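A.B. asks: The residues making up each chain are set out below.
Protein chains: 2
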Amino acid sequence: MSLAALQVPVQRNDAGLAAVMPKLSELFGDRFQTSQAIREQHGHTTSWLPNQLPDGVVFALSTDDVASAVRLCHEHRVPIIPFGTGSSLEGHVNAPGGGISVDLSQMNQIVAVHPEDLDCVVQAGVTRKQLNDYIRDTGLFFPIDPGADASLGGMAATRASGTNAVRYGTMKDAVLALTVVMPDGSVIKTGGRAKKSSAGYDLTRLMVGSEGTLGIITELTLKLFGVPEAVSAAICHYPDVASACNTVINAIQCGIPVARIELLDELQVKAVNSYSKLSLKEAPTLLVEFHGSESSVKEQVELFASISEEFGGSDFEWATRPEDRTRLWAARHDAYWAGQSLQPGKRSLSTDVCVPISRLADCVVATQEDIKTTGLTAPIVGHVGDGNFHVLVLADDTDADELERVEAFIERLNYRAIEMGGTCTGEHGVGQGKMKYMAREHGPALAVMASIKRSLDPLNIMNPGKIVRIDE
Amino acid sequence: MSLAALQVPVQRNDAGLAAVMPKLSELFGDRFQTSQAIREQHGHTTSWLPNQLPDGVVFALSTDDVASAVRLCHEHRVPIIPFGTGSSLEGHVNAPGGGISVDLSQMNQIVAVHPEDLDCVVQAGVTRKQLNDYIRDTGLFFPIDPGADASLGGMAATRASGTNAVRYGTMKDAVLALTVVMPDGSVIKTGGRAKKSSAGYDLTRLMVGSEGTLGIITELTLKLFGVPEAVSAAICHYPDVASACNTVINAIQCGIPVARIELLDELQVKAVNSYSKLSLKEAPTLLVEFHGSESSVKEQVELFASISEEFGGSDFEWATRPEDRTRLWAARHDAYWAGQSLQPGKRSLSTDVCVPISRLADCVVATQEDIKTTGLTAPIVGHVGDGNFHVLVLADDTDADELERVEAFIERLNYRAIEMGGTCTGEHGVGQGKMKYMAREHGPALAVMASIKRSLDPLNIMNPGKIVRIDE
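Line order of the protein sequences matches chains A and B.
Following my numbering, the numbering of the first sequence begins with 1 at its first residue and continues without gaps.
Following my numbering, the numbering of the second sequence begins with 1001 at its first residue and continues without gaps.
It should be emphasised that the hints constitute simulated quantities derived from the structure, not laboratory data.
Fair warning: this is a prediction, and the values are worked out from it, not measured in the lab.
Do not rely on the hints blindly, as some may be mistaken.
[To be verified] Simulated crosslink set (DSSO-like; lysine-lysine; CA at most 30 Å straight-line):
id : chain 1 : residue 1 : chain 2 : residue 2
1  : A       : K223      : B       : K1223
2  : B       : K1298     : A       : K223
3  : A       : K281      : A       : K270
4  : B       : K1189     : A       : K436
5  : A       : K298      : B       : K1189
6  : A       : K189      : B       : K1189
7  : B       : K1346     : A       : K298
8  : B       : K1372     : B       : K1298
9  : B       : K1023     : A       : K436
10 : A       : K223      : B       : K1436
11 : A       : K189      : B       : K1298
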């Protein structure tokens, strides 16, 4: 089996492309680019899937720009692939049938901040760090943190979450409303700024996680949260991953409102030590962070420490100074690059699954055993408070046998999570890489997804070949 | 204008009904009923809209029963109207084109409780009180509380929320996955038990709030929460509604994780006093409740009390004993009946809107003035922590002039909320009563809703004439 076999083919429309390209050029001038370098950059992602280049790239500055580009592509039946920062992992920005990449990174205006309503309105190209820098003085912050400094539009499109999700939820919870350019070029708003509504179908949640296959998100209304009065972070080591996972399971079951709780297995700690010049004990490790008032953080810490001790947690180290916390979380955020550096010449395949919290230890332990049996190098890191973990599998591109074992391992991992009542992706999204698991996970519900896709994008031009086949 | 003008007509299919009724009778025996009394009961709701009876009622015991009934109705193009407990307010269970009511109240099995994952699986007819009684010993509870002891299926279908939503969210947040019988009788599961997933379109959230127009919810996987260690409730009076609203706005903006915060205006307090035999001060009143650890509740109470004082709050009364709290909240829950008892012979029209929290005082004050100018009797009560409030308008059915003024008032109220960036319904849903506001609130997004409706229910048999016209 080859990686390319995962990529659902999409028919090219050369005549349509030949007609639409000069029109885009006329309309957008220098903001329509077709150079090989720019096309490569827009097909390229941190994905492990082979790159498939678009035929040209529109750099949009406004919702109107996006709508104009989409209308032209719609008229000529040419695929459109939205592009944020290119940090997605499952081949989301590939162009399997060619077409036009719509780059939203220059749509980076913060339109409005409403501290009195704990919300803000941003263009889709604003990144999470940019937003948090901008609102620093308001005492508010945007908590969703997938690691990469992704664009907020891209984060909504892939239903991103990350380290803070256990307390603050995912993009599904953080988005109040979206402006979306639909496949025919019409522009809709999916909601207002009220905190809740029962007025009709939840188009906001339908668009969040639709990965650009139903429309292009151009503007977002997002919830903000007060910066907590007190923050305390800690690192703790465990005799084995089962003990670390059981600590997490118990902490969640006790209702500790932990803000972040991250697992690094022994191999991941080794990688982090080497990459980030740290000297952490090379054992299964939890990084935890608590948010709240001084007294509530103190309570959380005490309760967590007692659970942790029960499962053999040792060498507890607290970091209440911001600089110490930053160092700790920087190491966590560099886990991807650290993992890759274990075997620098190799391709890294990052995959994630998510299971009910009670099955977390079972799933991680079975996966570690599988890695060992299969003879792979594959560190594990995870947002374990949600039952979500990632495996970074290293593979030699030139070694067909190893690639085959990797593929088979990833397949077993995904089916294992689904069998346990979980999902084939907790936060990376489907893209191209996870389409093969959709039927097993969703059964007849997949046909309902395809029906929605057909109804909103009958020409199959919006990011085709991702999530669901239109004929499914 | 008459109330019936709000009810979108649906074409009857007498031939289809004549064909399907004997088949339903054969299949369900005594569990298919066509008596006038039972049909009336199933068309009847707490709604203020004229009742429109179904032609027969199927009492379903299982998902298979529902699927069989739907398949027959699908084959004969006969409308299907799902029925839970009939406590919805906007005409959701009316049968404008006749058809078959599917009563789910006997699907009242609690299928599984997973305390270790903080979730449970229930059939759609289980009510929220039944669930909470059942799980009392686990130390967990289900927090969504719309007042009525509604069925959980119905609560999901209308995206219900209620008093606890400010801390625990709405049905949108509480539902992990659904089993749904689709309009062609196929059965889907919209998700697993993982706490989060990025695997495709969010069918769970699409079905939550779809009011039976896209399918019938037959089973739900729901999140549960730990019963808080400490609970404290209080009642406080204010010189005017603006001061009460400003207290709420400030408390929310300060990030106090208040569990419930309810406003009763002076007229509503008067009604509650008389109906529930209480002697509360007849002034704008807030009922608040805090959940957490002993020390965190103490902190919340202190911070709230200081904000309240700033806005002239007086006669603070704390209720930490469960029986005192129960009395207080029982009075709140009886607000609907209490309001109605102000003028017993009249029809009561309950309507709700929701605005961004910063506009809450503006909206409530303008609405009170409007009530006064229009010369209506209409107490206000609200889940104000979400910016959501209800107006119960009393109207004499035989007084055409009063009915017209009531209609015009409700219209102004809804448009006022929409103009303020809010929504025409925070929790009651669209049903028949709010369809006329959908175009103003959603603009071109309404056509997207209609497109989804057409794609999943091309025969327009699932609860037709609700939320969105299929030809919109």
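A.B. asks: If a hint holds in the structure, say so; if it does not, say that too.
C.D. replies: Verification of the hints:
Using a Cα cut-off of 30 Å, the hinted pair A/K223 and B/K1223 holds, with the two alpha carbons roughly 22 Å apart. Note on B/K1298 and A/K223: the hinted pairing holds, with a Cα-Cα distance of about 27 Å set against a maximum of 30 Å. Between A/K281 and A/K270, the direct Cα distance comes to roughly 8 Å. Compliance with the 30 Å bound is thereby established for this hinted pair. Taking the CA atoms of B/K1189 and A/K436, the gap is near 18 Å; set against the 30 Å cutoff, the hint holds.
For the given pair, A/K298 sits about 42 Å from B/K1189 by alpha-carbon distance, which is inconsistent with the 30 Å threshold. Between A/K189 and B/K1189 the alpha-carbon distance is near 28 Å, which keeps this suggested pair within the 30 Å criterion. Annotation: proposed proximity of B/K1346 to A/K298 is violated, straight-line Cα distance about 56 Å (limit 30 Å). For the given pair, B/K1372 sits about 40 Å from B/K1298 by alpha-carbon distance, which is inconsistent with the 30 Å threshold.
For the proposed pair B/K1023 and A/K436, the alpha carbon gap of about 41 Å is over 30 Å, so the pair is violated. For the given pair, A/K223 sits about 29 Å from B/K1436 by alpha-carbon distance, which is consistent with the 30 Å threshold. Pair hint A/K189 plus B/K1298 does not hold up; C-alpha atoms about 42 Å apart against a cutoff of 30 Å.
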